[in-house]
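J.: Sequence:
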Amino acid sequence: MKVITGGVTAPKGFQAVGVFAGIKKEKKDMAMIYSQAPAVSAGTFTTNVVKAAPVKWDKKLVAEVPSARAVVVNSGVANACTGEEGLACCRRTAEKAAKLLGISENEVLVASTGVIGRQLPMETIEKGVEIMVPMLADTPEAGTMAAEAIMTTDTVKKEVAVKLTLGGKTVTIGGMCKGSGMIHPNMCTMLSFVTTDADISKELLQKALSADIVDTYNMISVDGDTSTNDTVLLLANGQAENPKITEENEDYRAFCQALNVVNTTLAKKMAGDGEGATALFEVTVTGADTKENARILAKSVITSNLTKAAIFGHDANWGRILCALGYSGVNFDPEKVDLYFESAAGRLQIIRNGVDTGYSEEEATRILSEKEVTALADMHMGEASATAWGCDLTFDYVKINADYRS
1 MKVITGGVTA PKGFQAVGVF AGIKKEKKDM AMIYSQAPAV SAGTFTTNVV KAAPVKWDKK
61 LVAEVPSARA VVVNSGVANA CTGEEGLACC RRTAEKAAKL LGISENEVLV ASTGVIGRQL
121 PMETIEKGVE IMVPMLADTP EAGTMAAEAI MTTDTVKKEV AVKLTLGGKT VTIGGMCKGS
181 GMIHPNMCTM LSFVTTDADI SKELLQKALS ADIVDTYNMI SVDGDTSTND TVLLLANGQA
241 ENPKITEENE DYRAFCQALN VVNTTLAKKM AGDGEGATAL FEVTVTGADT KENARILAKS
301 VITSNLTKAA IFGHDANWGR ILCALGYSGV NFDPEKVDLY FESAAGRLQI IRNGVDTGYS
361 EEEATRILSE KEVTALADMH MGEASATAWG CDLTFDYVKI NADYRS
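Heads up: the sequence shown begins at 1 in the working numbering, then just goes up one per residue.
Please note that the accuracy of each hint is not assured.
[To be verified] Below are the DSSO-like pairs computed for lysine-lysine, each with C-alpha atoms no more than 30 angstroms apart in a straight line:
no.: 1; residue 1: 207; residue 2: 51
no.: 2; residue 1: 268; residue 2: 51
no.: 3; residue 1: 244; residue 2: 60
Calculated directly from the structure, the hints in this document are not laboratory data.
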């Protein structure tokens, strides 16, 4: 397996585009992904009881329709809490794209991100679809345009692609995502779109995705808010012509490993680009008694506002981390915990058996001043481990969200 340059257009048979349609001011705000051949689809969606219209539309199509051909995404308006009119907007969008692409409306998935409660400006959306269809291309630049068009408060585009060999054929998986705020485990204001030219059954595609989000997208948090719109869509069009994956064999396991690289990379990009963030904050828990407890412990630390603020201040305030572990709900012996800070600047043990090691504050600050910082907690309970990703909490987070609508 090899990481390559590109995103959703890297696999064979996929085209994309991103344009300025007029939903937002002077920024790309609509994107489209198109598979030239029918693709099987898989999806995972928000756990929020309040689900946006596009989530309802996509959940139904992924579950009931054998193939998908296109995804239409808008940025600026979430189409959430919009009632029947919101669902009608999804249908109109799909109908418009289907007519221009010559496919069924049931093969068109939709996604939205932006302000909750506003109705979609459908004349603008339909005009955007008209603009995009003739511009679809399979170039890396077209994929990048799409990745830029789905951004809201994101500061950078987020895309990745990998190649691997399955059954003697080169298979590619590519992806793009957006996410910066309203990010919390169990899916978030996060949209992620992954494409692959692998030939794989719909059932195993869904199984691979559902299993993988547990340790990727569900292990990130920016602010503890689970969105109404989070969606991960995975399309596989079979154009690589590998022997079709219909059972959990070696090829399936290799595919899952490559999918994990794509999803982990995208998840970390979102966590590191949290609203106002200056650092990616990674927490790895080792020595837990179970995998689930390791996940709970790691997520408890990255969601601690006090810890996030300490990371922003480059302050090795380890008491906040031990405290967050303690209220996670997992039972452990605090007098057995070892804690380290690590970054490109070095590694330093902060506590041993739950007690301060007498470390150098200056060295700790130097380690915590990097763009990527890791806390490693060894619980000395067992063999299970898990990693979660978040970011620091800064003044700018409040500024961005104080006037998000205006």
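J.: What hints, given by number in increasing order, does this structure fail?
T.: Checked against the structure, no hint fails, so every one of them is satisfied.
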